[in-house]
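Just so you know, the sequences run in chain order A and B.
If you count by my numbering, then the first sequence holds residues 2 to 276, one letter each, in order.
If you count by my numbering, then the second sequence holds residues 3 to 323, one letter each, in order.
Bear in mind the hints are in silico, worked out from the structure with no lab data behind them.
Every value quoted in this text rests on a predicted model; they were computed, and no experiment measured them.
Any given hint might turn out to be false.
What the hints assert, rightly or not - Non-contacting residues of chain A with respect to chain B, defined by C-beta distances greater than 10 Å in every case (computed):
#1 Val-20
#2 Gly-27
#3 Leu-75
#4 Leu-113
#5 Gly-137
#6 Asn-165
#7 Leu-170
#8 Gly-181
#9 Gly-187
#10 Ile-251
#11 Gly-253
#12 Val-254
#13 Asp-269
Claimed, not checked - The following label-pair restraints were derived from C-beta to C-beta distances:
#14 B/Ala-77 - A/Val-254: 31 to 37 Å
#15 A/Leu-64 - B/Glu-303: 17 to 23 Å
#16 B/Asp-118 - A/Phe-131: 22 to 28 Å
#17 A/Ala-29 - B/Asn-312: 33 to 39 Å
We put the beta carbon where it would ideally sit given N, CA and C, even for glycine.
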Amino acid sequence: MTTTLDTPTPVRRPSRWRVLGWQLLGLALLLALWWLVTDVLRLYPPYVFPSPRAVGTEISYGLWGTGPQDGKLLAGIGNSLRRVLVGYAIAVLLGGVVGLLMGAWRPLRDTLGAYLTGIQSVPSIAFVPFAILFFGLNERAVLFVVILEGFIPVALAVSGALMNVPPALRIAGRTLGARGLDLTTGVLLPSAVPSILTGLRTAWSFAWRALVGAELLVSASASLGAQLEIGRNTANIALVIATILTIGVIGGVFDALLRVLETRVRRDYGLEVPQ
Amino acid sequence: MTPRPTLLALSLALLIPSAAAQGATTLRLGYFPNLTHAPALVGLERGTFQKALGNVKLEPKEFVSGTTLTEAFAAGQIDIAYVGPGPAINAAVRGMPLQIVAGASEAGAVLIARKDSGIRTYKDLAGKRVAVPSLGNTQDISLRHILKEQGLKAQTDGGTVNITPIPPADVLAAFAGRRVDATLVPEPWGAALEAQGNILVGTEKTVWRGGAYPSTVVIVNTKFAQANPAVVTAFLKAHGEAVAFLTGKPAAAAAAVNRELEKLTGQKLDPRVLQRAMNRTRFTTALDAGALNEYAALNVEAGYARGTVNLAPFLNPGFKR
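Whole structure, please, built from the sequences with the hints as guidance.
Structure (structure tokens):
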């Protein structure tokens with residue numbers, strides 16, 4: 002049998018359910034391996050590497066325990082999510098404005114844009130001591146670091162996206178009489194949306210990481226960072242692992258949501274072939 | 003040529019003792035540069051430990067908090083250590099192989115408020131920011147108990163008091179920068195803050211149990227102790243001598259402590275400040291099991307453990323094999 006251009010070999014992507022099945026199987030294997038290393042072979046003492054059961058216990062107490070000291074993980078999730086959402090919202094607004102300005106005015110892009118790229122390479126935790134001295138040991142210090150980390154990818158994505166708009170679109174817009182703000186909001190921005198969305202997703206993961214890093218050092222009220230610190234201070238490695246898993250799951254869920262949005266938009270823009 | 007049985011037995015006999023001793027040629031000691039760890043400071047400064055240990059080399063390691071010390075202990079990097087009862091109990095609860103073999107100091111922690119913070123009594127701590135050396139440490143647990151008795155709560159428990167971990171050596175800078183309003187610190191940091199005009203709100207006696215509570219204990223790695231009982235015994239003898247020197251010749255001891263602190267922190271304390279700090283600390287080798295058990299209960303009350311543990315298996319005062 003010959004294949005021609007008209008009848009391409011059908012590349013079947015596995016169905017969503019099948020992917021989920023594989024992922025669940027992988028998770029089960031990982032848990033089994035963990036259980037084997039800790040509970041069965043006892044390769045490490047429990048205060049160095051606890052069993053899945055010990056970590057599960059910490060998660061269940063932390064989420065829905067009813068004792069006077071329980072529910073700390075849930076409270077931490079609440080506080081951390083509130084902080085990151087506030088910080089992220091501000092970062093997106095600020096990044097959007099700065100990105101627009103950089104996209105519109107070349108000298109700003111050449112100066113500020115270059116600096117922002119430099120700042121972005123500094124790990125967020127490096128800004129925490131400065132933030133503490135400037136704002137004090139409080140939530141504002143945490144928010145400062147989150148906003149700083151979150152706004153840079155947005156600003157760079159917005160200005161980059163504006164720069165990368167195909168010249169034909171710009172010319173077409175001008176020909177149709179769009180100038181200045183009209184051209185930016187009516188032609189340039191809509192065509193830059195897919196790239197901006199990618200920037201928003203990067204900004205989310207930067208902000209989330211910056212948050213946990215800052216909370217670790219400014220652990221005043223209940224938060225995921227404080228949970229890590231308390232677990233460390235009380236030699237409770239099971240709590241540390243439980244918190245790491247929580248941070249990973251929350252980060253992953255939000256990233257997946259943003260990815261769905263991004264894919265949908267890219268599909269609408271004809272950048273991705275629907276399955 | 004095959005070795006004759008007697009020769010083989012002889013060579014084995016020569017080999018076995020050294021193998022049983024695990025070749026413990028070093029003793030790794032952990033401690034903090036605080037007055038509550040003064041027996042360690044004195045023992046190091048005067049060479050008491052090394053003299054008692056003979057051929058076993060002492061390797062002292064300085065830590066800033068019980069947290070890092072416990073981590074080093076868990077990683078098997080420390081054989082014996084001076085540490086607060088808080089970290090010691092937490093580590094024991096998690097199954098770390100340790101024994102509490104002696105007391106070192108009692109009381110020696112005070113609650114100091116910044117002069118312009120408006121705090122004059124424990125009640126005034128409401129809505130304020132209070133520093134402790136680290137979360138889950140001895141002073142943190144004491145502070146949470148004080149708050150509970152005053153009907154106050156930490157922010158993490160839905161209250162208004164913001165408990166912030168700051169290493170004691172950094173608290174002076176935090177006070178100067180108005181970053182905290184008060185602190186529950188071990189000496190000599192309390193006396194040093196007081197000398198700068200800050201307010202003594204809780205004395206060593208009002209912090210807990212009229213001052214009859216352990217601030218520092220000596221812990222030993224169970225495995226190391228089993229393999230090297232003679233080394234541990236020798237160290238504890240030297241520890242006893244250091245404590246006797248502290249209680250018997252306080253003036254000479256204060257000078258020794260100051261020299262060692264200066265070596266560690268680069269700063270010499272005003273002798274009057276050090277004297278005041280020493281007056282607030284009691285040095286002893288005795289272990290108050292009752293106080294330690296109460297402490298374990300406070301640890302649960304503070305939310306750092308879920309249930310009280312039986313500390314008996316971890317207590318080995320005087321170190322009996």
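Hints not upheld, ascending by number = Per hint list: single violation, 5.
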